[in-house]
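Novice: Using the sequences and the hints, build the whole thing.
Here's the letter readout for the chains.
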Amino acid sequence: MSTPQALPRVALTWLLVAQALAILPHFLHVPLWLAGFWLACVTWRVQAFRMKVGYPGPTAKIALVAVAAAGAYVSRGTLIGLDGGVVLLIAAFILKMVEMRSRRDGLVLVFLGFFVVVTSYLFDDSIATALYSLLPVTALLAALIGLQQSPGAVVRPQATLRLAGQLLLQALPLMLLLFVFFPRMEPLWSLPVPDKKGITGLSDNMSPGDVAELSQSTELVFRARFEGPLPPRRDLYWRALTLEHYDGRRWSQGYAAQGYGAPPAWRRQGNPLRYSVVMQPTAKPWLFGLDVAETDRDDVRQMSDFRLQRRRPVDRALLYQVTSWPQAPREVNAAPQGMRRALQLPSAGNPRTRAWAEDLRARYPATPDLVKAVLAHFRQEPYVYTLHPGEGGADDIDQFLFETRRGFCAHYAGAMAFVLRVAGIPARVVAGYQGGEPNAAGNYIQVRQFDAHAWVEYWQPDTGWVSADPTFQVSPERIEQGLEEALAKEGTFLEDSPLSPLRYRNLGWLNELRMTWDNLNYGWQRWVLGYQGEQQLAFLQRWFGAVDGRVFALSLVGGVGLAFAVVALFLFKPWVRLRDPQQRAFRDFEILLARQGLRRHPGEGPRDFARRAAAALPRQAAAIDAFAHLFEAQRYAGEPAASQALRDALKAVRRALPWRPGVSSS
Amino acid sequence: MRTKLEACLDAINRVVLGKEPQVRLALACLLAKGHLLLEDLPGMGKTTLSHALAKILGLSFQRIQFTSDLLPGDILGTSVFDKDSGQFVFHPGPVFAELVLADEINRATPKSQSALLEAMEEGQVTIEGATRPLPEPFFVIATQNPVSQGGTFALPESQLDRFLMRLSLGYPAKAAEKALLLGEARRELLPKLDPLLDHAELAALQAEVSRVRASDALVDYVLRLVEATRSQAQFAWGLSPRASLALLAAARAWAYLAGRDYVIPEDVQAVLGAVVGHRLRERADATGHGGGTLVQWLLREVPAL
Amino acid sequence: MLKARFAPYWNRWLARRLPTAPQVTLNQRRIFIVPTRVGAAFGVALVLMLLAAINYQSSLAYGLTFLLLAVFLVTILHTYRNLATLVLKAGGGNAVFVGEHARFQVRLESGGRAHQAIALGWPPEPLEIYDVPANGAWECRLGQAAVRRGWLRPGRMRVETRFPLGILVAWSWVDLDLAALVYPRPLPGELPLVPAAGDEEEGNRAIGRGADDYQGLKPYQPGDSKRRLHWKAYSRGQGLLVKDFAALGGRELWLDYESLSGDMEMRVSLLCHWVLALSERSQAFGLTLPGLHLGPDEGEAHRDACLRALALFGVAR
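Protein chains in written order, with this note's numbering: chain A, 563 to 1228; chain B, 925 to 1229; chain C, 9 to 325.
Take these hints with a grain of salt, some might be off.
Covered stretches of chain C, as calculated for chain A (at least 3 residues, CB under 8 Å) [what the hints assert, rightly or not]:
| hint | region |
| --- | --- |
| 1 | 37-43 |
| 2 | 136-147 |
| 3 | 160-173 |
| 4 | 187-194 |
| 5 | 309-316 |
Partial list, computed: chain A residues near chain C (C-beta under 7 Å) [unchecked claim]:
| hint | residue |
| --- | --- |
| 6 | Leu740 |
| 7 | Pro749 |
| 8 | Ala1130 |
| 9 | Leu1131 |
Calculated from the structure, these hints are not laboratory results. All C-beta atoms, glycine included, are put in the ideal place defined by N, C-alpha and C.
Specialist: Structure follows, in structure tokens:
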């Protein structure tokens, strides 16, 4: 194979198709000039195959590489990291196509193609991507087959594709076995991850308008499946993080809460809730949970503000198990002076609110009474829950509380925390999600970005932290039914996305379809994407009991061997060769007589052989003749094939014959 | 009908002594509508056999002695100017008989040989632009001497292929020869033979022979035989499709003579030597037809099942 | 070096496992299968993919890696199947002259399946690739340079396939006992004639086709005299043609080995030339080699017999 071999036409066809299919999903994230670059290169390649233009010379090659590298650098700002790397990989994939002349180049191209498919998984790992990637993989295999076909073969491209498809289908059971049993490892070293700039979601600081913006997004945040019945909707306060620092305009995460302090003190109490969460990548380290949450993961810690934080940002879908203790008291015995952070206020601003708060403090010395009074205020005064509160000015809390009285959850939570702090009660804003849409098909809750919510928690001695939600006072529908119902009068739910299926939840069949699709995705995330380390272990333990390394290896090898054997049987069909029952019967007849030392020559006809056998074994002549006659009648005289009769005649011969030569039958 | 055939065989065997297998094959050849090539030394009874066949089957008989100066016209016939009518009148040659014995065919020139062989193949004769059909049935029994002598023209392979069978009578066994010597002269017995079949009966027999069943399994065996001659190294060339047709037809006739209405591999084996012997040549043997060992090889090695 | 040392053991083992036969059906006893270099590269690519899967904890990357690994395993079966049940039958080799290419016929027969991209040949020469249709056959003609007269036996032939993916190669070594006769290289030169004893008169038998006159042109063939080449026709681009003369009937010609001088090859080559030249003119002749007399006769069969005798003269069989 040392001499370069020309490229068969079929191989080129499938390479072009495979390249198009492999690159296509990447156009969602790579710069668009690559598309033009690719079209130009493909045109060149096809023209070169038709002998219209030449192949690129060394200068042209260098120029092309330079163009590709420069393009990648200009559009990505760097050539290292995953994003720059992928652009380079695709550029190389395209360039190799142009300069490909020999079979060997074709092989390199196929391997590059497989890598391009793998990188597409790092950017998107949905079911659709996975199913779609079977197309380029099939085309690449077809190209690989095409490279091996003999140069003179007149093969239609479809035949090659069919063979590639067969290979994949036959490989599928083996692949599933390997997928289930192959032990998963922790990452060996950390690699650059795709940039998730475009991701929307909660951030570690909040101005009142941010949550309103999030509520326009229908993007999925996480799904949670409960063991046992779903808790009522109004209890589903999913904590993401707390915002302790107020600068007069924005609430942001406190410095202390960012670091790894000592875990907070709390006590398990009441009935726990157990559930598993599959969250979408957020590029942020925090996880979601109901208070007070513990997880099964080693790399997740409970932080000082009771949020769950992972060591690394969540850059791909993550499955974790949570146990929550809703009735657990939190930091009951904390020293009041330790609560200083929860009392921080800017030195000036919002004078009317401050005055009102001090007035309240004077009227209600007991903390629960004061809180009740603030909530009552929100309930009784004509506050409006709206996505369009209008622009806030310099003293925006004053403005909101006493003038506009229109606001979103962030306004209410921010204002209430401010009032409590002025009144000397440690308080902070909690950001997270509230509620979620139950999926009846899958018994789980799906939480979307528009479920984003902010509420308040305050601390009092002997009770610890207590949650309070001013929004509930203004708009109980938001908490008990959801955002859509809360905005029903206003009609602003998802007003920016008129075609979102979520707007048509009242259409029964459409909603059912949506739920089924979501359930499918949930299963995909849980069972396929989340099939890592502990999940694998748990799964195997469920099916095979205690997992022992040896059992593990044995079942892997055994299973693969079995699947291999099944495919082999399917391919070789050993039963086909002796399908003809007449021939099988005659072969058995020969074996019987061979034991008596009578062997048929290949060229000896059945009648001659039977005559010879009958002469040699006169006692059994009748049985032998009967069999030979029957065989002849069925095989040559056109009598209907009756294998049973033949078998019976054979049995008669067997019975008539002595088991061993020399031992006479009785 | 079969009893009549048996009677025919008996009658011929009374004239041609000790040659039962050859007589049976010759009859099978005629039943399969094939032409017969007899290869033997002079005086082995070739002419007697042909005569006897003609008599028994009730066929008109003509004998052409091939010599080196024989012209095609001597075989096919010529047009002669008739003074009385003032026209050319066609005088049919000896080929216009139902059974033609072409004696020592390899003594004539290729031109004369091919005149006869073309007539055999086409069943008609074209002379001076006019096509004249040969009688129906039409059989040719040709004889040739195996030892090539000066002035002979061996039949080429393409011509040999037109004979369904080649038989060799060989020397008679001692007992048969003794009976021959003690008995009447064979030639004198011939006029005493009565026809046992008429034309209609012969045609019916031939039709029945062609209806003898050849099952798939049997045709596969024939194909294996033919395939072996085409792929094995010792064969100079393989058998033609015409040869495989001939083999099957002859096997049918043989099965019919054996009283069966289906063919078994043994029938094929029985006629194999006669049908393919003259069509094969050993690669290592540049001269002559050494079909015998090849036929033995085929019988031995090609799987019958 | 190592290869050379183990070659005898290897050959002996092969001879036991794959004995010489004019017809070989490839089966599991006769087929060997290993990954190719492309297969090794495929393996390296899989390892890289696995590393990516581990480090990115990507189930889909795991999936693709395992899918391709499974394809690799399944391909073992497909590659083996592409060779299994294939029947190789020896055809003859045609006789050639030294310096020409002997062509060996090998018939590839399908045992029911189609066999794609079957490579045949004698390494280190490049293998030739053929396809065999389902239930069909393919006649291959494999060339081998004829360098010495006598029997040319190319020996064990390699039959291999890398189909379908090229990542595995299944192969076998079969010995079909192919042989072709190599005639000596014709060498024009003096006519080693020995007059036939006794018959000094003009021959009374007609030999050949006519008088010693010009008969026409015929294509050149090794052994034809260069002097009779029709150069004018050659210059007109009609190829090499030779002026053909019919032979004179007359005396019997005897080509005699002993009457020539020179070494054995030289003498055999000269005789070869004259056997061809006289046969071309349809002239009867006889050939005398030490211990062998052929003829006198004419015709193709006689010529072939003479050439055969010359090819095998003094050569161990």
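Novice: For every hint, state whether the structure bears it out.
Specialist: Consistency of the hints with the structure:
1. 37-43: violated (count 0)
2. 136-147: holds (count 3)
3. 160-173: As far as the region 160-173 of chain C goes, the hint holds, because 4 residues have Cβ atoms under 8 Å from chain A.
4. 187-194: violated (count 0)
5. 309-316: violated (count 0)
6. Leu740: holds (4 Å)
7. Pro749: holds (5 Å)
8. Ala1130: holds (5 Å)
9. Leu1131: violated (10 Å)
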